[in-house]
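Heads up: the sequence lines are chains F and P, in that order.
Using this note's numbering, you'd call the opening residue of the first sequence number 763 and step up by one each time.
Using this note's numbering, you'd call the opening residue of the second sequence number 181 and step up by one each time.
None of these hints come from the bench; they were simulated from the model.
Where is the CB? At the ideal position from N, CA and C, for every residue including glycine.
No incorrect hints appear here.
To give a feel for the contact side, a few chain P residues facing chain F, derived at Cβ under 7 Å:
1) Gly266
2) Gly311
3) His356
Capping the alpha-carbon separation at 25 Å, the derived lysine-lysine pairs in BS3-like fashion look like this:
4) F/Lys883 <-> P/Lys255
5) P/Lys370 <-> P/Lys227
6) P/Lys318 <-> P/Lys259
7) P/Lys255 <-> F/Lys886
8) P/Lys407 <-> F/Lys886
9) P/Lys318 <-> P/Lys258
10) P/Lys318 <-> F/Lys886
11) P/Lys370 <-> P/Lys258
12) P/Lys258 <-> F/Lys883
13) F/Lys886 <-> P/Lys412
14) P/Lys227 <-> P/Lys255
15) P/Lys259 <-> F/Lys883
16) P/Lys227 <-> P/Lys259
17) P/Lys227 <-> P/Lys407
18) F/Lys883 <-> F/Lys910
19) F/Lys886 <-> P/Lys258
20) P/Lys232 <-> F/Lys886
21) P/Lys370 <-> P/Lys259
22) P/Lys259 <-> F/Lys886
23) P/Lys370 <-> P/Lys232
With the C-beta cut set under 7 Å, the calculated list includes, among others, these residues of chain P facing chain F:
24) Ser263
25) Gln287
26) Glu292
27) Arg295
28) Ala307
29) Gly309
30) Pro313
31) Arg355
32) Lys412
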Amino acid sequence: MALSREQIAMRVAQEFQDGDYVNLGIGIPTLAANYVPADIQVMLQSENGLLGMGPNPTEEQLDADMINAGKETVTAVTGASIFNSAESFAMIRGGHVDFTVLGAFEVDVSGNIASWMIPNKLIKGMGGAMDLVAGAKNIIVTMTHADKHGNSKLLQQCTLPLTGVNCITRIITDLAVLEVKNQAFYLSERAPGVSVEEIQAKTAGELVVPEHVPEMQF
Amino acid sequence: MELVMAGFDKVVNSYAEAMAGLQDNMTVLAGGFGLCGIPEGLITQMKLMQTKGLTIVSNNCGVDGFGLGILLEDKQIKKMISSYVGENALFEQQLLNGELEVELTPQGTLAEKMRAGGAGIPAFYTATGYGTPVGEGKESREFNGRPYILEESITGDFAIIKAYKADRYGNCIYRHTAQNFNPMAATAGKITVVEVEHIVEPGELEPSQIHTPGIYVDRVIQGSFEKRIERKVVAK
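Just chain F, same shape as in the assembly (with noise of 0.2 Å):
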């Protein structure tokens, strides 16, 4: 079976060590807070300029002050920081966030993703994504493995405009975990009960399959 947005959540979360410093994209990889090991404790960055993001605020701690790159209403954790923009992209561009996990429309075999970006549609812009992918230590990309009509987004070559070039290692898809190097998608988990049939049909890039692919765990 697929993985929902949830179990796709859960899988990242594995990823997470323990003093890491991640800034978290909207969709899926927001939702990968909710499942960040109980042993462990790491520190969301959030673009707009605050270290230490914590929950969304209950009716009396609501604040317009505090807000998330998404403009959502959230609350700061305990050892938190808050400071500008210039700052805050010192930190993503100078290498400084451990863990970048965004969404994407496509990913190719060289490490390119598209995810802002669909043309002769409105274009609303591409926000931190750009700084996002261009200065973090390690990225993460989870999105669907195929669109709704089946179509990979897993490719030789992205067709649409990038967002970055070279940037991707890691990719978390509803069916795989996968890497990307040697200008190929290595396949190195599937989903509980996914083959590695299903997985190949719906890659059209590259795929190196390994004798052995195991079950993701959760």
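Put chain P on the given structure of chain F with help from the hints.
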């Protein structure tokens, strides 16, 4: 109490005075992220002045009927330089009609463009945007085996800023994430106007805690704010 040094007293008493000198076709840098930390009263004054042909440099363009979005109502904006837009229907409509030009700029590059502009640095290299539409037509250069693009900095005729507290000398403190782009924009305006929640006397702010030193600030006005929340999300 010490005497306030008149030459450094930046406080003005009306919005008209605060935005005096704003003319058609000027470039205005605006602090704020979404609707958080925006100089609401200064934006309203710009609408009242009906200044046209403006280039606005701001991460976003407000929403329909609030924030910078109100400047779209009478087509006062010619061009937006932003990282993320289109939260408002009017914006979309004017963009599709060709009445409004947008220069989409990565958020970190936008912040750095203003920071550099205020610091007298005309351009800088960054990896952000290399190999993407943002990098097209820009000079690129390799450093330590990695390609970077050259981005030019931004300055403005005006910078409009929202601070939490400012003293009469223009020293500013921001509150929580309402800080965002305000400190960079404040450094890069030829005339920098700060609208604040509280004006205090010099000496009331701890010098080492000041975010924007008064040297960058030309005018300070006592504001009144609605502080609208764009996406209210509360814990379940």
